[in-house]
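Trainee: If you want the building blocks of each chain, they are given just below.
There are 2 protein chains.
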Amino acid sequence: MKEFAKTELTEKTVSSRSVFRGHLLDIYDDEVLLPNGQTSKREYNRHVGAVCVVPITAEGNVIMERQYRYPVGEVLLEIPAGKLNAREEDREEAIRRELCEETGVVAGTLVDLGWFYPAAAYSDEKITMYLAKDLSYGERALDEDEFLNVEEIPLSELVRAALSGELHDAKTQMAILRAYLFEKGEGR
Amino acid sequence: MKEFAKTELTEKTVSSRSVFRGHLLDIYDDEVLLPNGQTSKREYNRHVGAVCVVPITAEGNVIMERQYRYPVGEVLLEIPAGKLNAREEDREEAIRRELCEETGVVAGTLVDLGWFYPAAAYSDEKITMYLAKDLSYGERALDEDEFLNVEEIPLSELVRAALSGELHDAKTQMAILRAYLFEKGEGR
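So the sequences go chain by chain: A and B.
Residue numbering for the first sequence follows my numbering, starting at 1 and increasing by one per position.
Residue numbering for the second sequence follows my numbering, starting at 1 and increasing by one per position.
Simulated from the structure, these hints should not be mistaken for lab results.
We treat Cβ as the ideally placed atom computed from N, Cα and C, and that holds for glycine.
Among the hints, a few may not be true.
List time: in silico BS3-like cross-link candidates among lysine-lysine, alpha-carbon distance up to 25 Å [said to hold, decoys possible]:
(1) A:Lys83 to A:Lys133
(2) A:Lys184 to B:Lys126
(3) B:Lys12 to A:Lys83
(4) B:Lys12 to B:Lys126
(5) A:Lys126 to B:Lys41
(6) B:Lys41 to B:Lys126
(7) A:Lys126 to B:Lys184
One-sided and incomplete, this derived list gives chain A residues near chain B with beta-carbon spacing under 8 Å [stated by the list, open to error]:
(8) Glu11
(9) Val14
(10) Ser16
(11) Arg17
(12) Val19
(13) Glu31
(14) Glu43
(15) Leu76
(16) Phe116
(17) Tyr122
(18) Asp124
(19) Ala170
(20) Gly185
(21) Glu186
Just chain A, same shape as in the assembly:
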């Protein structure tokens, strides 16, 4: 089987064209030079980056949200999350802000649970995951067009839901399993 060297896999930008710039999406259609010298098209979204958090209470419950996601037409059970204000924004500051705005919860301790590219084939979005502990309660301040419900669910119940297919949102499924493995001592 033919193996390519790492540099032989790389694609180089020939030209880059903005095809849609909205409030949320920023879509480009680039022409690239393939490893074999031919050209191809690459369509993708430029994203500022995001953060999400598993906020665990002293009783072992997670503060969760239920939110309607228009693209999939479902109310999803999700952990609190939000976009960065800018690519260079401090991610811990961003998650403290989003958690407080959406749920009124103030994180005492934050633990980094890693990050991932949700859709590397067509978006440069990077999502960083945190575990939040030592929670206290402040003032909720939702954005004008945000509608979501907040509830507490035991972590053990969410792990069962993740494994039995009841958590449909990628970052939620991932961060819940990471938090579970971390709490068991397997994630460090």
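Given chain A, put chain B in place with the hints provided.
Mentor: Coordinates of chain B only, in the frame set by chain A:
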């Protein structure tokens, strides 16, 4: 704290507009009616759906791929995956096809590991995960503009990599952890 009923969270389509239709992306900009009676915009990608697979050899190794992902500018270590040919395509047939085309591996047994929406805020893509066992070897048949390397890595090594932050691709990180928990008897 105000709680919304499930129906009160739903957004209704007022109008839908196609703003970019490429080879890969199919972008819409819809106007929606919010629960409070006001309107807002929702931008999203319509996706046919995808499948991915953790193919495990009798020795406990996983058949992995290294592939350049232009949007993020990195060579990513990923499990085999691919888009469906159509929304209604049988997902088991699709993953057998993609696995064979990309790696030359023929899956004997497939186990469903669940599914997720990678980016429900701006794409309706749904990715279904499988575990493949009882592997045999056929003929590799890459698409013309596909360049990727194939290698075998022990599952235990990949679980360590997932937890220490070395696997950057969402579906890979998720499916490896799901496969690990399934093999330990926690995922059923």
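Trainee: If a hint holds in the structure, say so; if it does not, say that too.
Mentor: So, going through the hints one by one against the coordinates:
Of the pairs offered as hints, the one joining Lys83 of chain A and Lys133 of chain A holds, with about 21 Å between alpha carbons and a cut-off of 25 Å not exceeded. With a C-alpha separation of about 30 Å, the suggested pairing of Lys184 of chain A with Lys126 of chain B is violated against the 25 Å cut-off. Annotation: proposed proximity of Lys12 of chain B to Lys83 of chain A holds, straight-line Cα distance about 24 Å (limit 25 Å). With a CA separation close to 21 Å, the supplied pair Lys12 of chain B and Lys126 of chain B stays within the 25 Å bound.
Between the alpha carbons of Lys126 of chain A and Lys41 of chain B the distance comes to roughly 23 Å, so the proposed pair stays at or under 25 Å and holds. At most 25 Å may separate the alpha-carbon atoms for a hinted pair to count; Lys41 of chain B and Lys126 of chain B meet this at roughly 22 Å. Between Lys126 of chain A and Lys184 of chain B the CA atoms are separated by roughly 30 Å; this puts the pair beyond 25 Å, and the hint is violated. This hint holds: Glu11 of chain A has a C-beta 5 Å from the nearest C-beta of chain B, less than the 8 Å allowed.
Violation of the interface hint for Val14 of chain A is found here, the shortest Cβ-Cβ separation to chain B being roughly 12 Å, above the 8 Å cut-off. A cut of 8 Å between beta carbons decides the hint on Ser16 of chain A: the least distance to chain B is about 11 Å, and the hint is violated. Look at Arg17 of chain A: its Cβ only gets to about 11 Å from chain B, farther than 8 Å, so that hint breaks. With its C-beta approaching chain B no nearer than about 5 Å, Val19 of chain A sits inside the 8 Å limit, and its interface hint holds.
Interface restraint check: Glu31 of chain A against chain B, minimum CB-CB distance 11 Å, threshold 8 Å, status violated. Restraint check, Glu43 of chain A versus chain B: the minimum CB separation of about 4 Å is within 8 Å; hint holds. The beta carbon of Leu76 of chain A is positioned within 8 Å of a beta carbon in chain B (closest approach about 6 Å), and the interface hint is therefore held. For Phe116 of chain A, the interface hint holds, the least distance from its beta-carbon to any beta-carbon of chain B being 5 Å, beneath 8 Å.
Contact between Tyr122 of chain A and chain B, as hinted, is supported at the beta carbon level, the nearest pair being about 6 Å apart and thus within 8 Å. Given the 8 Å rule on beta carbons, the hint for Asp124 of chain A holds: about 5 Å separates it from the nearest Cβ of chain B. Satisfaction of the interface hint for Ala170 of chain A is found here, the shortest Cβ-Cβ separation to chain B being roughly 5 Å, below the 8 Å cut-off. Interface restraint check for Gly185 of chain A: the shortest CB-CB distance to chain B comes to about 11 Å, outside 8 Å, so the restraint is violated.
About 7 Å separates the beta-carbon of Glu186 of chain A from the nearest beta-carbon of chain B, less than 8 Å, and the hint is met.
Violated hints for the displayed structure, listed by number in ascending order: 2, 7, 9, 10, 11, 13, 20.
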